[in-house]
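Asks: Starting from the known structure of chain L, arrange chain E on it as the hints suggest.
2 protein chains.
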Amino acid sequence: MRISLATGLLKAVFLFVFALIASLLVTMAAQADQVATATSPGGELSVRIMTGNEGHITYAIDRKGVEVISPSKLGFILADQPKLERNMALTSQAQSRHDETWELPWGERQFVRNDYNELRLGFTEKTGLKRQLTVVFRLYDNGFGFRYEFPDQPQLKTVKIVEELTEFAVAEPATAWWIPAGEWNRYEYLYNKTPLTEVSQAHTPITLKTTSGLHMAFHEAALVDYSAMWLRRVSGQTLKANLSPHGDGPKVTRTAPFNTPWRTVQMADTAGGLVENDLVLNLNEPNALGDVSWVKPYKYVGIWWDMHLNNNTWGSGPKHGANTKKTKDYIDFAAQNGLRGVLVEGWNLGWDGDWFASGNDFDFTKAYPDFDIEELAAYAKKKRVHIVGHHETAGNIAVYEPQLEAALDLYQRLGIDSIKTGYVADAGGVKARDADGNIFYTWHDGQVMARHHLKVVVEAAKRKIAINPHEPIKDTGLRRTYPNWVAREGARGMEYNAWGQPPNPPEHEINLVFTRLLSGPMDYTPGVLSLEGAGQPLQSTVARQLALYVVIYSPIQMAADTIENYGKHMKPFQFIKDVPTDWADTQVLNGEVGDYVTIVRKDKASADWYLGAATDEAGRTLEVTLSFLEPGKVYMAQIYRDADDTDYRTDTRHHHVIEQKTVTAADRLTLKLAPGGGQAIRFVAAKSR
Amino acid sequence: MRISLATGLLKAVFLFVFALIASLLVTMAAQADQVATATSPGGELSVRIMTGNEGHITYAIDRKGVEVISPSKLGFILADQPKLERNMALTSQAQSRHDETWELPWGERQFVRNDYNELRLGFTEKTGLKRQLTVVFRLYDNGFGFRYEFPDQPQLKTVKIVEELTEFAVAEPATAWWIPAGEWNRYEYLYNKTPLTEVSQAHTPITLKTTSGLHMAFHEAALVDYSAMWLRRVSGQTLKANLSPHGDGPKVTRTAPFNTPWRTVQMADTAGGLVENDLVLNLNEPNALGDVSWVKPYKYVGIWWDMHLNNNTWGSGPKHGANTKKTKDYIDFAAQNGLRGVLVEGWNLGWDGDWFASGNDFDFTKAYPDFDIEELAAYAKKKRVHIVGHHETAGNIAVYEPQLEAALDLYQRLGIDSIKTGYVADAGGVKARDADGNIFYTWHDGQVMARHHLKVVVEAAKRKIAINPHEPIKDTGLRRTYPNWVAREGARGMEYNAWGQPPNPPEHEINLVFTRLLSGPMDYTPGVLSLEGAGQPLQSTVARQLALYVVIYSPIQMAADTIENYGKHMKPFQFIKDVPTDWADTQVLNGEVGDYVTIVRKDKASADWYLGAATDEAGRTLEVTLSFLEPGKVYMAQIYRDADDTDYRTDTRHHHVIEQKTVTAADRLTLKLAPGGGQAIRFVAAKSR
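Going down the list, the protein sequences come from chains L and E. So the first sequence is residues 1 to 689, counted in the UniProt record's numbering. So the second sequence is residues 1 to 689, counted in the UniProt record's numbering.
Incorrect hints may have been included.
[Said to hold, decoys possible] List of simulated lysine-lysine pairs, DSSO-like, C-alpha gap at most 30 Å:
1. L/Lys568 - L/Lys633
2. L/Lys130 - L/Lys160
3. E/Lys319 - L/Lys126
4. E/Lys126 - L/Lys319
5. E/Lys383 - E/Lys366
6. E/Lys193 - L/Lys73
7. L/Lys193 - E/Lys193
8. E/Lys383 - L/Lys160
9. L/Lys326 - L/Lys366
10. L/Lys160 - E/Lys157
11. E/Lys73 - L/Lys193
12. E/Lys126 - L/Lys160
13. E/Lys73 - E/Lys130
14. L/Lys381 - L/Lys568
15. L/Lys326 - L/Lys382
16. L/Lys157 - E/Lys160
17. E/Lys160 - L/Lys455
[Said to hold, decoys possible] Beta-carbon label-pair distances, calculated as ranges:
18. L/Lys464 - E/Pro257: 50 to 58 Å
19. E/Pro195 - L/Asp225: 38 to 46 Å
20. E/Asp354 - L/Arg451: 36 to 44 Å
21. E/Glu592 - L/Pro173: 27 to 35 Å
22. L/Glu103 - E/Asp33: 52 to 60 Å
23. E/Asp33 - L/Asp225: 39 to 47 Å
24. E/Glu276 - L/Ala89: 51 to 59 Å
[Said to hold, decoys possible] What the simulated footprint calls covered on chain L by chain E, stretch by stretch (three residues with Cβ under 8 Å from a Cβ of chain E suffice, anywhere in the stretch; the number is not a length):
25. 169-183
26. 197-205
27. 437-445
The set of hints was computed from the structure by calculation and includes no laboratory data. For glycine and all other residues, C-beta sits at the position ideal for the given N, C-alpha and C.
Isolated chain L, as found in the complex (with noise of 0.2 Å):
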């Protein structure tokens, strides 16, 4: 016993000296110039903030204790005064808990939780014109956000920004999925899957697999007033924020006080994971608008598709697509099919001509003579039947801003409450008025553009209109804040299937899902059920185009083929009937970055459950535990499935098989999905008794 008491308390006192010089050894191994650090609400996640000698600021992240981020530069080349960044040293820091539940007045689910511990850090210069720059992280257990805050200062009133020089030093090998920045004023491109060491610049989000398995997606939140932020990579695997040019002067003049967007990153050790994440909105200002019950989620139709299989053109003649026969017929089929909205395109003048190329002649008041919109609109509420406005800008907002209010007050009297907008800015780019009234050209992504969409989107507000850029800037979740932004385009969608080259390949949605859609929801315009372009077929399945109703979140869904078309498949059609675009809740099952997905959601206004399974060129079969039901109940699954012969690159493609079966949420489910292919499922709940 003595021995072993004397053996215990050595033991005690060695642990105890160990400890000592553990924790000695660890404020060694620290960097000297540790400045500041924090830690996510589970302890997940922690920041590092160091100043070198020469007074630069770097953050770190650890995640689980091991360092995923690398020391990493924070910064501002400016225009007129030296660089924010080096000889800073840290003047002040707190630290705050957050903890909140707020609800989404439309979403992927109904209430958000905002758990975060946060970081304020003040920095000012030692020497020199002693400017002052605050950094604050938020830090989440799945992910973290910081952004730059300009106090107001004498010294830096006027901020004009040449170059952001923050860095994201990625620890750990990584497969990265991304589209190039810097070439095009559009996101329209197929995904490069690529070692992280051969991404040249890309847009965000881009998606990061670390060969440890860590998913990661860098992005930004609350892009408001401010440049979207490229990223480049400068070396080996550090990416470095490139902000979105002007074209005509600093990238961003701000006024202090002001903020800059969130940069942030999305971390999961699954890539289901990623898009179960809500740290974009979470950083997101709350809603701004007040009451927006009069923001409806709705599936539409549109005379758009035989656009762009040449039945019909955007500009007047024999084949002129918006004309009042077509647009009545469109609405009385939304009627019989209860789908809120009928878009029309090419309604208004200005289509005539080169307008790709200038945009000169838009009148976004005034219609073609054979588009009787007074009719229209009152045919329309006859039917209660919506007209979805439609404002193609060719980007020319020096043409379409002057005309805004006029345009939306058109639509508001007429009882057109959403407008899909458009901005293919292809001549020059994006082409503006500069303060003395000359016309310049800039980015579809740039401060100009980011203040002209929120313009557009609070004008519209004010006349209760929801808002759908295609063309646009990316999403960075601002539909948080102003919650009639109800989608937009921003990335390669529906209509390359009629004439790109090549059509999207199936992994392209796939790669949606993981990386695009990451930043909110895509108008990407599913369910062509006819399969067809402009003489290429879809590189589809009938039973994935239901499924991307599921896999792809948008508050408004459009079913993109032509009515015709329709006609011809109502059997499957009746899943785009039924499917909801308002969900209480969102899980992913399973799903691999660019291979294959499963989604389940839960109708907001039912008890029932959706479910959209996608693969990429691979047939694969998924097992899936229906857990997520609620236990007890039973369903009915209404399956949408390829049949087994069916193949994406045959005229199987068109094969399907419609059944039912009841399950509850002790089962388990075989998805077969064929090559290129999917699976929709409505789980019907069953009356409670």
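Replies: Just chain E, lined up with the frame of chain L:
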């Protein structure tokens, strides 16, 4: 006979038909939209020009019948007009043949052959503004260049270039040697060696070696009143122009008519072939200065290394380096050893305080009180030595330009006929003044600095002063037009061996030979025979320091060590005394990028040849034939070589052997280079009998 005749006839007919079919096939195989083609004088290279469906202009390059540059785009994004990119029609074309030989006043060789075919292409927009753009290709057997010419036209008078869209789609996989662009207002990096697919954004010259062994260097020639071209990889193996930013406006603003710089690609089967390639010089305009006999190649010592060793300071105080006494010592040493120049840094007011961050206090006509510039000028004149002037600007051209003429006048009066300028611009970039007199920050290699550097060179030429800028804009061969632009820095130089972390590794100087030095002379400042930095040894050997005088070409070469150190190493110093800085001819005997190189050069003033060889961290034995020597002539080879035990990693780095050997052109030499070592040889031609 009849049979034979018939067979012959048949054969001829067959061959004719075959040729006809073949030519038809070639025509059909060619891009349907190919609009022009041309070939280099010896047929090695050809260019194909295409305009696609949308009227995009693309070019492709074949070498020996194999495509080496795949179809690559041309064009511009403008600030205030649509892109100049699509909808273009070829409206004129002309070919011409040129072959001339011209003389360099100083250089790597005396005579340069300029042998090319020119293809001049006039494009006009088919609709819209109907703007014109001329593209001129010059095809050499060892590379090509092309430039854009903006003709005088009312609809495009002021050209505001937001971005140049020039691409280089490299056809074959390649390894690239490159430094990053866009990060720092300098070129002072160690070189990356990566697959081309891992290049992010690079300065030029960027050098490639393809899998089939083709060496290519991408650069530009005649960068006048335009922004430097960076190359960003936009996808796969495609590099795209990214012009250095302005910071406060379009990247380039010009008035038509004007030409862009030449975009150049040098090609060779060997690494050495790139070094022997005069394409960049050939694409510059001839000497614009008339008699330039006043531009003197020279060697110099300086009060410089002592500052980097912290033995002296640039600013005033007890350790002020630029004092009258010390300068006289340097003048005495230079006079005794036949060196023409003595550089003195820190001689003028403004170095005290945080000059690095502002440059506001520099006075370019006022010396510190302990530096008696009048007395020293007289003293130097008496000793037949020339003080080398020094203008450090801290990149603040807003302060420098107003003083420029007075500063040059002072130097002219004092007989100071060359100036080292400096542009350390770490605070926020180069500081310039806009048209309204406001300060703005810009890049070291944008249009602002292209203008500034040439302004300094031209003003200096009026006073018969030569210019050698450090932290400069890159060299693009303008020394041909302005021969008083004698050298520049523009890469990581010797000073990094004093305090750099890491110091320059042995491969760095080898990398320089095949990248930076392809652009022109570099004031690398070799010759630190003490091999000692500030508490860290050089990664070099003594013999290598000597070899650098031959390996790294410059018409002005510093003997960078302190005169006290040279006093301790007078035997190897003999080579520095002997080596010329102006050459009749240059040949590369062997070499691989980043590994090793052996260069021989013939003195312009005598029949002597000089050899320099250097290796990376690997020791190696190189066999060279001396066939470059004049046949039949006997030479005394004065050899400065590594000893058998020399290694740059240990104190043995100091070990060297000086020996003599009689050789002729028929001999072979075995050069044994230590790890990190080198070898220098002077071949003294025997006096003709």
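Asks: Confirm or reject each hint.
Replies: Hint check results:
1. L/Lys568 - L/Lys633: violated, 35 Å
2. L/Lys130 - L/Lys160: holds, 17 Å
3. E/Lys319 - L/Lys126: Holds, at about 26 Å.
4. E/Lys126 - L/Lys319: holds, 26 Å
5. E/Lys383 - E/Lys366: holds, 24 Å
6. E/Lys193 - L/Lys73: Measuring from Cα to Cα gives roughly 24 Å; hence the hint holds.
7. L/Lys193 - E/Lys193: holds, 22 Å
8. E/Lys383 - L/Lys160: violated, 53 Å
9. L/Lys326 - L/Lys366: holds, 19 Å
10. L/Lys160 - E/Lys157: holds, 29 Å
11. E/Lys73 - L/Lys193: holds, 24 Å
12. E/Lys126 - L/Lys160: The given pair, whose Cα atoms are some 39 Å apart, is violated under the 30 Å limit.
13. E/Lys73 - E/Lys130: Since the Cα atoms of E/Lys73 and E/Lys130 sit roughly 19 Å apart, the hinted pair holds (cutoff 30 Å).
14. L/Lys381 - L/Lys568: Between L/Lys381 and L/Lys568 the Cα gap is close to 27 Å, so the pair holds against 30 Å.
15. L/Lys326 - L/Lys382: Holds - the C-alpha atoms of L/Lys382 and L/Lys326 are around 17 Å apart, at most 30 Å.
16. L/Lys157 - E/Lys160: holds, 29 Å
17. E/Lys160 - L/Lys455: holds, 28 Å
18. L/Lys464 - E/Pro257: 50 to 58 Å: holds, 55 Å
19. E/Pro195 - L/Asp225: 38 to 46 Å: With a Cβ separation near 40 Å, E/Pro195 and L/Asp225 satisfy 38 to 46 Å, so the hint holds.
20. E/Asp354 - L/Arg451: 36 to 44 Å: Given about 37 Å between the Cβ atoms, the range holds.
21. E/Glu592 - L/Pro173: 27 to 35 Å: holds, 28 Å
22. L/Glu103 - E/Asp33: 52 to 60 Å: holds, 57 Å
23. E/Asp33 - L/Asp225: 39 to 47 Å: This hint holds: roughly 44 Å between Cβ atoms.
24. E/Glu276 - L/Ala89: 51 to 59 Å: holds, 54 Å
25. 169-183: Held - the segment 169-183 of chain L has 3 residues with a Cβ nearer than 8 Å to chain E, which meets the minimum of three.
26. 197-205: Check passed, 5 qualifying residues.
27. 437-445: holds (count 4)
Hint violations for this structure: numbers 1, 8, 12, all remaining hints satisfied.
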